[in-house]
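I would like the entire structure built from these sequences, with the hints used as guidance.
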Amino acid sequence: KQEVTQIPAALSVPEGENLVLNCSFTDSAIYNLQWFRQDPGKGLTSLLLIQSSQREQTSGRLNASLDKSSGRSTLYIAASQPGDSATYLCAVGPRSGSARQLTFGSGTQLTVLP
Amino acid sequence: NAGVTQTPKFRVLKTGQSMTLLCAQDMNHEYMYWYRQDPGMGLRLIHYSVGEGTTAKGEVPDGYNVSRLKKQNFLLGLESAAPSQTSVYFCASRGTAADGYTFGSGTRLTVV
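Residue numbers (this note's numbering), protein chains in the order written: chain A, 1 to 114; chain B, 1 to 112.
Don't read these hints as lab results, they were simulated from the structure.
Quantities reported herein were computed from a predicted structural model and do not represent experimental measurements.
Glycine included, every Cβ here is placed at the ideal spot set by N, Cα and C.
Check each hint, because a few of them may be wrong.
[Unchecked claim] Listed below are several chain B residues computed to face chain A (Cβ distance under 8 Å; list not exhaustive): (1) GLY42; (2) TYR48; (3) GLY58; (4) ASN73; (5) GLY77; (6) PHE90; (7) GLY95; (8) ALA98; (9) GLY100; (10) TYR101; (11) THR102.
[Said to hold, decoys possible] One-sided excerpt, in silico: chain A residues whose CB lies under 7 Å from chain B: (12) SER52; (13) PRO94; (14) ARG100; (15) PHE104; (16) LEU113.
Written out as structure tokens, the structure is:
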């Protein structure tokens, strides 16, 4: 059974700092990996999707990398802003199965201090 | 706006009551999923569907039933609500297995 771990559970940084969020998974036979953002009391917003054949994806100040062999993904946020404060979740989809449903980590709660 | 719409947004039920949560998507997506989110437990898959007329059990299916009679709708039913079903329920959809998920805004359910 796939297990997804995100460490740390919470992170607080001053505004302007570059930061890295970590995601690890136990089964490297993945189809894709997706990073989400969740604001308090809200739904999940997709940030980046990485297919298993890709090493990284970029969107604005966000860059996600994938290393299947080590079972790791990182989300890099450049020049953090208070508006980046949210919980960030990663989720992995398996290579097998008809639905390839995502398995989620518990998230990292990020606070960017002004 | 195009996307995934969940109704209702909030609901309080008494133990033993029944209800249906509706998920509707207008993106012609094949795959639809129901998750529940609980503090300390993360998101767990309840049921899913890979196309109209199909459903399958996820990780925590007990106490729930689903139907996908129309491609755009995925219904989650609670026949006899229990306090353990107090949670936030999220619906998601995707066009193909290679696509990312699009989530609805959630239904916050409290069973007293």
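Agreement of hint SER52(A) with chain B interface, Cβ distance less than 7 Å = violated, 10 Å
Once the shortest beta carbon distance from PRO94(A) to chain B is found, is it less than 7 Å?
-> Constraint on PRO94(A) not satisfied, violated at 10 Å.
Status of the hint placing GLY95(B) at chain A (closest C-beta pair under 8 Å) | It is violated, given that the least Cβ distance between GLY95(B) and chain A is near 12 Å, above 8 Å.
Any CB of chain A closer than 8 Å to the CB of GLY77(B)?
-> violated, 20 Å
Interface hint outcome for TYR101(B) [beta carbon to chain A under 8 Å] = holds, 6 Å
Report holds or violated for the interface hint on ARG100(A), using the least CB-CB distance to chain B and a cut-off of 7 Å.
-> holds, 4 Å
Holds or violated: is the Cβ of PHE90(B) closer than 8 Å to a Cβ in chain A?
-> Holds. Min distance 6 Å.
Hey, does the GLY42(B) contact hint survive, CB to chain A under 8 Å?
-> Holds: closest Cβ of chain A sits about 4 Å from GLY42(B), inside 8 Å.
Against chain A, is GLY100(B) within 8 Å by beta-carbon distance?
-> holds, 4 Å
Classify the hint on TYR48(B) as holds or violated, based on whether any CB of chain A lies nearer than 8 Å to its CB.
-> Result: holds, 5 Å to nearest chain A Cβ.
Minimum Cβ distance from GLY58(B) to chain A below 8 Å?
-> holds, 7 Å
Go through the hint on THR102(B) and say holds or violated, using the shortest Cβ distance to chain A against 8 Å.
-> For THR102(B), the interface hint holds, since the closest Cβ of chain A sits about 7 Å away, which is under 8 Å.
In this structure, the earlier hints numbered 4, 5, 7, 12, 13, 16 are contradicted, and the remaining ones agree with it.
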